[in-house]
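Colleague: Here is how the chains run, residue by residue.
Protein chains: 2
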Amino acid sequence: MARTASLSGFPEWLPEERLVELHVLDTLRRTFELHGFSSIETRAVETVGQLLRKGEIDKEVYGLSRLQDDEGDTAAKADPHALALHFDLTVPFARYVVENAGYLAFPFRRYQIQKVWRGERPQEGRAREFTQADIDVVGDGELPFRYDVEIALVIAEALNALPIPDFLLRINNRKLAEGFYTGIGLTDTAGVLRSIDKLEKVGPAKVAELLKEELGATEDQAQAALKLAGIRTKDTSFVEQVRALGVSNELLEEGLHELEQVIAAAVQRAPGRVVADLSIARGLDYYTGTVVETILVGHEQLGSICSGGRYDALASKGNRKFPGVGLSIGVTRLVSRILSQDLAKASRSVPTAVLVALNDDDSWGAAQDVAAQLRSRGIATEVAAKAEKFGKQIKFADRRGIPFVWFTDDDGKHQVKDIRSGEQYDADPATWTPSEEDLHVRVTAVH
Amino acid sequence: MARTASLSGFPEWLPEERLVELHVLDTLRRTFELHGFSSIETRAVETVGQLLRKGEIDKEVYGLSRLQDDEGDTAAKADPHALALHFDLTVPFARYVVENAGYLAFPFRRYQIQKVWRGERPQEGRAREFTQADIDVVGDGELPFRYDVEIALVIAEALNALPIPDFLLRINNRKLAEGFYTGIGLTDTAGVLRSIDKLEKVGPAKVAELLKEELGATEDQAQAALKLAGIRTKDTSFVEQVRALGVSNELLEEGLHELEQVIAAAVQRAPGRVVADLSIARGLDYYTGTVVETILVGHEQLGSICSGGRYDALASKGNRKFPGVGLSIGVTRLVSRILSQDLAKASRSVPTAVLVALNDDDSWGAAQDVAAQLRSRGIATEVAAKAEKFGKQIKFADRRGIPFVWFTDDDGKHQVKDIRSGEQYDADPATWTPSEEDLHVRVTAVH
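Heads up: the sequence lines are chains A and B, in that order.
Quick note on our numbering: the first sequence kicks off at 167 and runs consecutively.
Quick note on our numbering: the second sequence kicks off at 167 and runs consecutively.
Accuracy of the hints is not assured; some may be wrong.
The list treats identical chains as interchangeable, and a pair is accepted whether it falls inside one copy or across any two copies.
[Unchecked claim] Here are the simulated DMTMM-like pairs of lysine to aspartate or glutamate, each with C-alpha atoms no more than 25 Å apart in a straight line:
hint, residue 1, residue 2
1, K483, E207
2, K281, E265
3, K364, D528
4, K367, E182
5, K225, D254
6, K555, E308
7, K561, E366
8, K281, D526
9, K372, E207
10, K511, D192
11, K561, D306
12, K483, E182
13, K511, E207
14, K281, E226
15, K579, E554
16, K281, E178
17, K552, D478
18, K400, E603
19, K281, D254
20, K561, E308
21, K225, E366
22, K561, D594
23, K483, E178
24, K558, E178
Note that these hints are calculated values from the structure, not bench results.
Just need the whole structure built from these sequences, with the hints factored in.
Modeller: What follows is the structure, encoded as structure tokens:
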């Protein structure tokens with residue numbers, strides 16, 4: 167099924183592939199709404215000034231210019247009012263919260279499922295246009311830590327409902343890491359995080375070198391930082407392991423306590439789905455506490471399929487702060503993998519359950535009446551456009567993947583044929599219903 | 167409710183407004199799928215060459231350039247490989263059909279609901295970023311005319327299911343108009359259509375002038391063209407009225423017969439929703455037969471809320487032609503109007519039906535258990551984050567628009583309170599369900 171996109175980095179799905187994506191989107195939406203998250207969308211564009219607000223963007227951004235604009239397009243780079251496509255949903259959401267603070271009830275829970283764009287070099291698992299599904303809770307002034315626990319549980323439930331292999335949320339806490347680094351005397355905590363973030367790519371020896379060369383760490387400090395990053399437990403035993411490293415720091419204690427709460431709740435409510443992983447750093451981003459990355463077990467090279475965390479300072483309006491916590495699922499990354507590896511499939515390729523065949527060209531109106539009766543009971547139905555031989559009409563249904571063909575003879579007697587089994591029987595358009603299995607397209611994991 | 171968008175022409179909705187939009191989108195999707203249309207999405211970007219393929223674009227297009235690209239952005243205008251945001255869904259769909267022809271079953275029925283962008287001056291009913299909902303049927307080589315009839319009926323059914331005022335599909339046929347113009351000796355039929363298209367804006371006297379000055383029409387020819395454009399009937403009587411003008415032309419006859427079929431079916435299956443309106447021209451677009459515009463009765467100044475028609479030559483691959491017929495609903499235009507005029511509203515502002523209150527901070531886990539039981543039966547539920555006084559927790563639910571608050575006392579006795587009526591009663595988390603009316607958010611028209 168996997169075809170090559172005609173523009174590299176801009177994937178498009180065939181109709182039967184889109185059914186898998188729709189199933190993923192519908193499942194996420196349903197889970198998010200069951201947990202009381204409201205849907206919002208933000209515009210696709212932000213001003214360059216807004217995107218740059220948090221300092222340098224390390225993402226490749228697409229700027230916009232009107233083709234018909236004679237002023238020329240080069241203004242975009244310099245002008246903070248120029249427009250650009252958003253590269254994630256968190257920065258636009260922060261702007262939305264600040265702009266609409268007077269109209270929102272806090273803590274504000276929202277989900278947002280939209281496309282985002284990054285002009286990076288496309289590769290497996292990384293597209294230039296892709297869909298993200300985000301949930302966040304944002305408070306006005308303060309946001310209880312409990313939401314960090316809740317967000318992780320909601321995401322685990324949402325991912326669990328998808329037709330994907332096992333996944334694992336790898337969770338850490340910035341306070342824990344920063345407190346520990348400070349405690350061992352490494353004060354450029356952002357620099358240490360940046361180096362630790364490279365651990366999986368370059369290995370511990372290289373990271374130790376970076377810490378010593380770039381941040382002036384001693385061998386002992388470098389080894390202590392690496393020891394912390396090596397801790398990975400499926401339960402709360404990481405607390406003891408960190409304490410055994412003998413570092414004392416207030417922020418470290420706060421981080422330990424927070425991460426302990428998340429892991430303890432997850433062990434109980436999402437068993438096997440979460441691990442405390444003290445190597446997780448989340449690069450240069452705006453996180454201030456909980457940080458999360460998620461791997462698909464057996465597909466680790468795909469990268470994180472769901473990332474995020476707590477941010478205490480992303481959005482503010484004068485003295486008013488809006489701390490938040492949120493996670494973002496890489497829908498396109500997941501769906502691409504599901505499709506390329508045939509991890510799930512749709513029970514049929516079209517929404518249609520029934521094709522109403524035509525006896526002759528004049529019977530189109532009567533066929534529409536039958537179709538309307540079926541649709542009124544939620545049965546997706548189309549009517550043949552031409553009164554070809556029945557064999558041809560059946561073949562048409564077969565080619566489109568429609569399971570049932572409806573016949574009405576000249577005396578008005580109705581019959582329906584299951585073209586998979588060949589079984590044909592009398593049926594009343596006012597009452598006949600296909601089995602629950604055939605009523606709608608179902609998407610299921612392939613094992 | 168109507169706030170001003172922070173970027174002119176880029177509307178964003180509050181959560182309770184988004185519920186109205188979601189209802190519109192869900193209703194359209196449901197109707198389209200009941201009629202066997204498959205969902206697809208195309209990428210937001212096309213190459214400039216693709217967008218220009220049909221000659222000059224009369225839409226304002228947004229070109230893309232990478233902000234970090236040192237090459238400069240000015241290439242976009244000249245380079246046909248440069249990227250730009252799509253300005254409708256028909257041109258991208260035509261490209262998709264040609265690219266994927268080998269994977270699609272024809273006639274291919276698809277719906278497509280996506281954002282499109284036009285850099286035009288924003289005004290009431292016209293945004294720079296807006297959502298369209300399109301249905302099209304495309305054939306391989308040929309496409310029976312019957313699909314023109316079907317598409318009109320499906321759209322009437324879809325619009326009818328929305329919480330909007332009366333609407334009227336105004337339908338014409340290009341063959342009819344072009345055949346008539348040829349029959350009276352006006353051979354630049356595209357030029358005549360362009361003039362007739364201005365009828366509503368400038369009036370008949372000015373159009374007659376244009377026809378005479380720009381196209382060399384005689385007074386008789388101009389008056390005949392205006393007479394044709396003046397015909398408007400709710401049934402098929404337009405056929406007689408056209409014949410009474412005494413013009414004879416083969417293409418005219420073909421067009422009359424086609425339009426008659428559409429109107430006859432609509433009179434029967436969508437009574438009062440359709441009018442034969444021989445003034446409809448659809449400007450410079452690519453249509454070759456049926457053309458449609460749709461007005462919202464009482465909101466005519468909003469412009470057409472649903473337009474489209476038959477195109478026989480939009481997509482081709484070598485000698486292979488893919489004729490199609492389709493209609494496009496202006497979702498943002500409709501939703502903007504619904505919201506600005508309070509034509510519909512949501513029964514509550516959040517998906518949440520129940521807030522589970524906390525007795526004390528240690529009861530959060532037990533509260534999550536109650537919530538999980540309710541959610542397992544499809545009841546959207548959130549748990550309070552803090553064990554504040556019950557009055558405060560009820561106030562919180564009230565502020566968020568949540569109708570029910572759930573209490574569990576220290577003995578494990580459960581009660582639920584309808585905070586609108588104040589009624590409170592014993593309830594079992596394993597069986598209690600709110601009324602059908604309260605289970606989900608409902609969006610209804612306000613009369």
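Colleague: Checked against the structure, which of the hints given earlier come out wrong?
Modeller: 3, 4, 7, 8, 9, 18, 24
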